[in-house]
Amino acid sequence: MTYAFTPEQEDLRRTARDLFARTCTAADVRAAWEPGAEQDRSRWRRMADLGFLAANVPTAFDGMGLGDAELTVLLEEAGYAALPEPLLETAAVVVPVLREHGSAEQRARWLPRIAAGEVLATAQLLDAPVAPYGTVADLALLELEDGLHLVPAERLTREQAPSMDGARHTAALRAVPDPATRLPGAALAEARARGAAAAAAVLNGVSRRLLDMAVAYAKEREQFGRPIGSFQAVKHMLAEVALEVETSRPAAWYALSTWAEGRPDAVLASSAAKAAATAAAVTASYHTLQVHGGIGFTWEHDLHLWLKRGKALEGAYGSLRHHHRLLGDAVISSPDLMATFGPTLSTAS
Amino acid sequence: MTYAFTPEQEDLRRTARDLFARTCTAADVRAAWEPGAEQDRSRWRRMADLGFLAANVPTAFDGMGLGDAELTVLLEEAGYAALPEPLLETAAVVVPVLREHGSAEQRARWLPRIAAGEVLATAQLLDAPVAPYGTVADLALLELEDGLHLVPAERLTREQAPSMDGARHTAALRAVPDPATRLPGAALAEARARGAAAAAAVLNGVSRRLLDMAVAYAKEREQFGRPIGSFQAVKHMLAEVALEVETSRPAAWYALSTWAEGRPDAVLASSAAKAAATAAAVTASYHTLQVHGGIGFTWEHDLHLWLKRGKALEGAYGSLRHHHRLLGDAVISSPDLMATFGPTLSTAS
Amino acid sequence: MTTGQQQESRALAEWRAEIRAWLEANVPEGGLPDPEAGAILEEHRAWERTLFEAGYAALHWPVEYGGKGADLDARIVFQEEYERAGAPLRMNLGGLMLAGPTIMKYGTLEQKEFWLPAILRCDHLWCQGFSEPGAGSDLAGLRTSAVVDGEDLVVNGQKIWTSGGLHADWMFAMVRTGDPQSGHRGITYVMIDMRTPGIDVRPITQINRQTGFCEVFFTDVRVPLANVMGELDGGWQVAMEALAHERGAGRRTYVTFLNDLAQIRRFVTALGQEDDTAVREDLGRLLTAVTVYRHHVGRTVADAMRGHVGPEASYNKLYWSEMNAQIHEVGMRVLAGRAELQDDEKSLPGAEKWQDAYWFSRAPRIFAGTNQIQKNIISERVLGLPKEPRR
Amino acid sequence: MTTGQQQESRALAEWRAEIRAWLEANVPEGGLPDPEAGAILEEHRAWERTLFEAGYAALHWPVEYGGKGADLDARIVFQEEYERAGAPLRMNLGGLMLAGPTIMKYGTLEQKEFWLPAILRCDHLWCQGFSEPGAGSDLAGLRTSAVVDGEDLVVNGQKIWTSGGLHADWMFAMVRTGDPQSGHRGITYVMIDMRTPGIDVRPITQINRQTGFCEVFFTDVRVPLANVMGELDGGWQVAMEALAHERGAGRRTYVTFLNDLAQIRRFVTALGQEDDTAVREDLGRLLTAVTVYRHHVGRTVADAMRGHVGPEASYNKLYWSEMNAQIHEVGMRVLAGRAELQDDEKSLPGAEKWQDAYWFSRAPRIFAGTNQIQKNIISERVLGLPKEPRR
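Chains as they are written, first to last, in this note's numbering: chain A, 980 to 1328; chain B, 980 to 1328; chain C, 34 to 424; chain D, 34 to 424.
Don't read these hints as lab results, they were simulated from the structure. Incorrect hints may appear among the rest.
As the list claims (entries may be wrong) - Straight-line alpha carbon distances no greater than 16 Å define the calculated EDC-like cross-link-like pairs of lysine to aspartate or glutamate that follow:
id	chain 1	residue 1	chain 2	residue 2
1	D	Lys420	A	Glu1199
2	D	Lys379	B	Glu1138
3	A	Lys1198	D	Glu413
4	B	Lys1198	C	Glu413
5	D	Lys138	D	Glu97
6	C	Lys379	A	Glu1138
7	D	Lys420	A	Glu1201
8	D	Lys145	D	Glu86
9	C	Lys420	B	Glu1201
10	C	Lys420	D	Asp156
11	C	Lys420	B	Glu1199
The whole structure should be built from the sequences, with the hints applied where relevant.
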């Protein structure tokens, strides 16, 4: 973990940014909002063609066997584009959990198909009442009373539950607990924490988009004979958004890297990342809508597509309160804060 | 309770403002800070001469028998002047509690002397570790294990405990519980709530002074060739202080009026007043110090005298957290919020 | 604040009892849906006429114009009871609060006789034509032009954020009669019949997918010069008088926010969060804010009744709009993961409405002068800080 | 962030182990009191010499000048371990971080040989002479004048907020050599011997009654022209290079704030608040902030090592100064009524220090460019928003 992306990773970011700029415009996001819109899988297949869905699948299962940094880049860009597909759930939750904890049979059945873009997977964890893209998912990680299950579509019961973000196609998923679908105990904590870290990265992308939209608007919109972006009140609101979002990002990068690096702070790092990204998203939501003024309250303007994606993700994979408490519990129960959270001597030889 | 002061009450405010402007300058407050400074009682006697200490003492005990509005005015001005005498404790806590709950003997012994300015009284309630002016008090309301006691100086044990506000002359007071000093059970809740409401009024005075100092500084201090008060960032900080302080004030006026008017919401109104005044004081402290810049961090500048009075009062008579919880408990336990907190039909004939 | 003025005066207390009894007897069972179109609109009109017939339509209007000539304190009492009873949203506040008083001050006898009774009886619905796409915070930058041609003004341009524009019969508007650079010195205040040819009204869909605001387009719309209020080019002052009403006390009382707090408490109970100290602390913080607002309004009323109305009205708008946003944010925090769901009505009554209200709770921070503008007003006109340089 | 770069590189890990072992063996038992006067000053000098002898005095200086030529990541590791060990406050950062690099870039060979080793060995203490009573946020408004007279500059005026001014041997200063209206174009950067006649240093008592900053008065102080760094009238650029260091990463690491959090936890435990969910939430919020700062610094280091240093340094200063204030506020909230007491050391160890630190926690929001200035920088230079009109 060096907090610096390689040129190849920066290329991947540009590829994703380009693909989404063409195929995931605001108009495309709106199309996904339409009531009864069928899930259009063409963009998902394009993502697979570009290797996005194979990135962190092991080569033994037709994947590329790359690390989490590639995933990080893709998640941020998915948020930036308000992507209406479950990249977060499929690539950042289901793939790693399946890879690390799935049975040989589960892995062989699902990983190659995911890498090929044939599977939309989702997850419904914690006390989350619904799964995003639950209406269309081919595969779901479900937290049931007896633990975590990997449940294929044919065993799922779906009850549609519209989200305020109409592009998320949420549904409450149910399944009968079955030993055949159940994953080992350790999988649950990993799924939750990975979900939180990945949601943080997506949220940071959402917030960056809100910021970019508001900055562009503040440069262009004039009142009192000058761009509103020249007023200190507006400037400082946007500087505060930039501060929170940009400082939040590396915490998510780190959290996403913790599992591969076998770090003991994976769970706490993920909570911190999600808490930071959520707080930044709240600031971004308030200040960018305020800068837009009345126009931001119209359905016609695109801002709300990102405002609502942000609001939906605030509650996903644990609320701000949930993660603050988890971290606060760790502060109280840790015998020595410096030993737990401070710099450690590497034991690597 | 009409939220409007009478011309006589406005006159009293002017009288107090004038007295303090002459006898309680920043230099006088500094003098009270000097380590080992003897409590100078001359100002206290002047206050008595002007009737400040007799205001809410019944006429039967050589008082003026006025209402709580007069007290409200005096408390705000005491905060505005950072008065280094226990007006809050003496006039707003001890007098009413003694008047309403004291024995005939206690009232006869103390009320006339308080009205005459011969007594500095204090209070140490809740889990407060010290009493302001505990080093010099002639009389103290003490919350002991078995309830509230009115303890004369000769029965007090004092342990000096310096405050960050050196003019408060704090000491931890102890006394042996004695049936002769004990007040009836109802006195305790009243003392606590009256203290909270009165502390709110004093805090609002402190915050107004901080605001006035910062506004004056912002008009005079120039950077980049213009007064810093012409920068929107500075203007908005000060507008936020003004908003919080001015909206907080009527809540304290109301809370101080509740007892005389026999309102059932006296305790909750006092908590709300203290919570609001504390939050406003925190905003005032941050923004006014920021507006002053480096000069506000010097001992030489007077700002810190009010910053520290404010900080000391934040913790007095219940912290922000204490009062928020008390109110939150009421929200949860009230069977019908509208019946408890909403407008009521007067039962007066 | 003398001991003689304890509690509400007897007159006010009686007034409160009267209103409460009347509302209990008359408010439609289950309330009315928000005013929109067709039949719903007619139900609202019927309710407004019920208010009119009971003499409650325009408490603040002088008796000579059919009002009650009520003092501000009596109006606040009415408003508190009205909110407490959950009575329908008022649908013609533009007419009652803004157009009406302007007409009383500037209208001819004939105009008063034509417009005022129709407002009172809710025969005419009114809308406001101030904001434009290029004139929001900078209202004096408006560009809708009005050129004198014979006995008429010919109006061209566009208004926006016109609440109730779809159903309005009349609009009170600011138009530019001076040259484009004339600022607030070239603005005229005029009443426009919404059925005049050349007017095109298009509803704006809001962020919560509901309508309410409109855009209004004017193409060669002829408005009689006789409909001008005040002087030609002298409309800025007329409009500012009207706007002062929009920001001051009485638009909402603390009772509305207490109702919101009661809704949050229902969520807290339904979700089993009653024993959570952090949740209780949040509720206590909100109750503090609601209490502060109650007494702040009390003070504002007392000041106003003694003749003091100043730029402090900005405190009122700032306070309630920020509190309102905070209340809705805390409610969403209680709902947590459920906050994104729009079909929780059955399992969690009030949840869907709360979401809609949540997004809308951001709007008051912008409308009637953004909160940034209000802070400018406070800092310059209350605290006396110097103006910003302009260029 | 490739898989090949997991965790710290082996070299860094070894460096960390070396530093940790050395500090464990060398940090004075119980630390040192903050540097003030006399004997205490000498203990600090001794400690600085210990660092020097071990080769740790100036990691960032090039090897040719006696430094280690260490990369930023190695310096951060050192700083983390230094804070972790509770080692004494560094007393000559002005010389090591600011004056030294300027001298390396602009000094003559002779000047380098005279000044640099003396900084390294802590023989010369340095102070900064930038701020003036009338030039705070508006540094270019400084008025201390310097007039060329033969081979000297003659300096008159006043500096303020001079940290360590009482004990300093040398000051690096900005003085006005242009006309009073010349702004940043008429400023010269010069090294001043603090023992020159005409210099009067007066300590400023701070809000917490301690000293640390000074005012420095100059009356006809003669400074050789040879002491000018860069060009006459060209000092603004030189100073800005120095200031960038002050705002960027490395001034403090997350370890300092983790130590603060540990102190709050001790208060929480001593006061029996461990089971309070609201308190735990506060602690979780702070741990989030500390974690974010850690990774933010990590990113800044990675960017810097790839040659990217920009106005984003303002993020660093804004973030840690606001976090620092927040941490101290939460600590005071935990102490509640005890927060005002100054003699709680026995019953509640750390409480008195916390109070002092509390007031001082507000200062970083102001020094090294107020946070309002930092937000201006971010909005204009990072986000590209237009400048404000100036008049």
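Taking the hints in turn, this is what the structure says about them:
1. Lys420/D <-> Glu1199/A: holds, 14 Å
2. Lys379/D <-> Glu1138/B: holds, 14 Å
3. Lys1198/A <-> Glu413/D: holds, 11 Å
4. Lys1198/B <-> Glu413/C: holds, 11 Å
5. Lys138/D <-> Glu97/D: Holds, at roughly 13 Å.
6. Lys379/C <-> Glu1138/A: At roughly 14 Å apart (the allowed maximum being 16 Å), glutamate 1138/A and lysine 379/C satisfy the hint.
7. Lys420/D <-> Glu1201/A: holds, 14 Å
8. Lys145/D <-> Glu86/D: violated, 20 Å
9. Lys420/C <-> Glu1201/B: holds, 14 Å
10. Lys420/C <-> Asp156/D: Status violated; Cα separation ~52 Å.
11. Lys420/C <-> Glu1199/B: holds, 14 Å
Consistency with the previously given hints fails for numbers 8 and 10, ordered from lowest to highest.
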